[in-house]
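K.L.:
Taking the hints into account, I'd like the entire structure generated from these sequences.
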Amino acid sequence: MKVPQFRLFGFRRPREVVGSALGKLEKTVMEEVWRRGRVSASDIYRAFGERTAYTTWMTTLDRLFKKGLLAREKDGRAYVYSPRVSREEFERGVAEDVLGDLLGRSGGAEPLLACIVDAVSEHDRALLDELQRLVEEKRRELGEGE
Amino acid sequence: MYALLCICLSLSALLALNALASALAGVVWRALAPRVQGWDARGRARLLFALRVSPPGAAAALAFALIVPAYLLYEPQDSGEGVSVKLLMLACVAAAGVLLAAWRVARTWLATRRLARDWLRHAEPFAVEGARVPAFRIRHSFPVIAVIGVLRPRLFVAAQVFEALAPEELAAALAHERGHVEGRDNLKRALLQAGEDALLHAPLGRSLRREWQRESEMAADEFAAAAGPASALDLAAAIVKISKLIPRGSRPTLPAGAHLLGDGEDGTSRRVRNLLRLASQTKGTRSHTRSTPAAVLCLCLLAAGTLLLTRPAVLKLTHDAMEQVVAQLR
Chain A
1 MKVPQFRLFG FRRPREVVGS ALGKLEKTVM EEVWRRGRVS ASDIYRAFGE
51 RTAYTTWMTT LDRLFKKGLL AREKDGRAYV YSPRVSREEF ERGVAEDVLG
101 DLLGRSGGAE PLLACIVDAV SEHDRALLDE LQRLVEEKRR ELGEGE
Chain B
147 MYALLCICLS LSALLALNAL ASALAGVVWR ALAPRVQGWD ARGRARLLFA
197 LRVSPPGAAA ALAFALIVPA YLLYEPQDSG EGVSVKLLML ACVAAAGVLL
247 AAWRVARTWL ATRRLARDWL RHAEPFAVEG ARVPAFRIRH SFPVIAVIGV
297 LRPRLFVAAQ VFEALAPEEL AAALAHERGH VEGRDNLKRA LLQAGEDALL
347 HAPLGRSLRR EWQRESEMAA DEFAAAAGPA SALDLAAAIV KISKLIPRGS
397 RPTLPAGAHL LGDGEDGTSR RVRNLLRLAS QTKGTRSHTR STPAAVLCLC
447 LLAAGTLLLT RPAVLKLTHD AMEQVVAQLR
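Going down the list, the sequences are from chains A and B.
Numbering follows the numbering used here, with no gaps: position 110 of the first sequence is 110.
Numbering follows the numbering used here, with no gaps: position 160 of the second sequence is 306.
Please keep in mind that the hints were generated in silico from the structure rather than gathered at the bench.
Note that the Cβ used here is the ideal one computed from N, Cα and C, for glycine as well.
There may be inaccurate statements among the hints.
What the hints assert, rightly or not - Here's a subset of chain A near chain B, in silico, CB distances under 10 Å, partners left out: (1) Leu22; (2) Leu25; (3) Glu31; (4) Ile116; (5) Leu127; (6) Gln132; (7) Leu134.
P.N.:
Structural data, given as structure tokens:
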């Protein structure tokens, strides 16, 4: 008997969540990297024809490298990419993230504490030296005024 | 069946009123936000807190002080009215929200107690001038300066913070934490979280909690900076130094939940710039806290509630409305 598939409004099945963690091109590339083991941008370009520009494949590979899903090394002038995680690890990781988020939001208990600085965004981190300079400047300014 | 119908109606009313009032509170804040820009952070934080906790508070008051008496007074015991499936489902959702909120409050209390106990095991007490809470020095990889707990708050400071900050910067940072204690921010955070849980995390009024988190942190900064321009600058310097101590990509090993201040695009930067602005102001020109709106709002709710409960006509009207709702939900 066929199991009826249904979904609640606003909710997705786990398989769909895993699938949507990557874009369409990213998914295509990851499938190919998992299948071949090592690929370059031109390998991908050749494998999927000329429907998509070479530079788009290069960008997609670079994005996957930045997401930590691919490792890369120089081979002559080009990069050769290999998977950093297996398909199973990836699917498990996404599922854990989704579950963790769900449990974290609905049942996770966090200690009640007020911390002066809990985390620093990369944006803030880049500005820290500049902020320190501004504080010193203001200190000098107030010191001169007295 | 008589009692079950009463319970289902009260719970459904609680859910519906809370959802409606929370959505309304979000709209009210959007309308008020530009007008309260000139207030100090403490005033804005108080207003946000009142707006976020009023909906569940008012919903609970109306459900249990209006719906229940109206039902008991005007519903005949032998009416033979049953509970429809729709009403039962609504009541179940409301009950799930109440249970989730209660469960989270209990777990949060336990997690806080466990953490405090864990830190106290290796902590050394130290004296802080003017502090009303006990202070402890701990060894931690994260540059912790935190107040833990609601009923018996304790201040914890990581050893590396003592080494990194100048004495006046440390004093300003401790004054910031004293601002959290004076504002009872941990208790408020627990209440705000419970309010969100009661609505099963429906996105109604959630932005108010995020805004409150930011404003309460700014309010603690302003509390510390109230001592004078030098204190504002010392705190700004302390925030920058502590931020630099945070290992890249890390958060406290204990999820600090609500006060993820640097989480936004400009968390630290916004605070430091605000402190620099405060340092430029002389004491006399600073804006004063306006606690009036929150107090006025609470008083209005209380007065309205008393007025409603003392008029039997209102209870009769409420009962008629309940009958309509029950008929619609059949």
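K.L.:
Hints first: check each against the structure and report whether it holds.
P.N.:
Here is what the structure says about each hint:
1. Leu22: violated (22 Å)
2. Leu25: With a minimum Cβ separation of about 27 Å from chain B (threshold 10 Å), the hint on A:Leu25 is violated.
3. Glu31: At 29 Å from the nearest chain B Cβ, A:Glu31 fails the 10 Å test, so the hint is violated.
4. Ile116: holds (4 Å)
5. Leu127: holds (5 Å)
6. Gln132: holds (5 Å)
7. Leu134: This hint holds: A:Leu134 lies near chain B, its Cβ roughly 6 Å from the closest one there, short of 10 Å.
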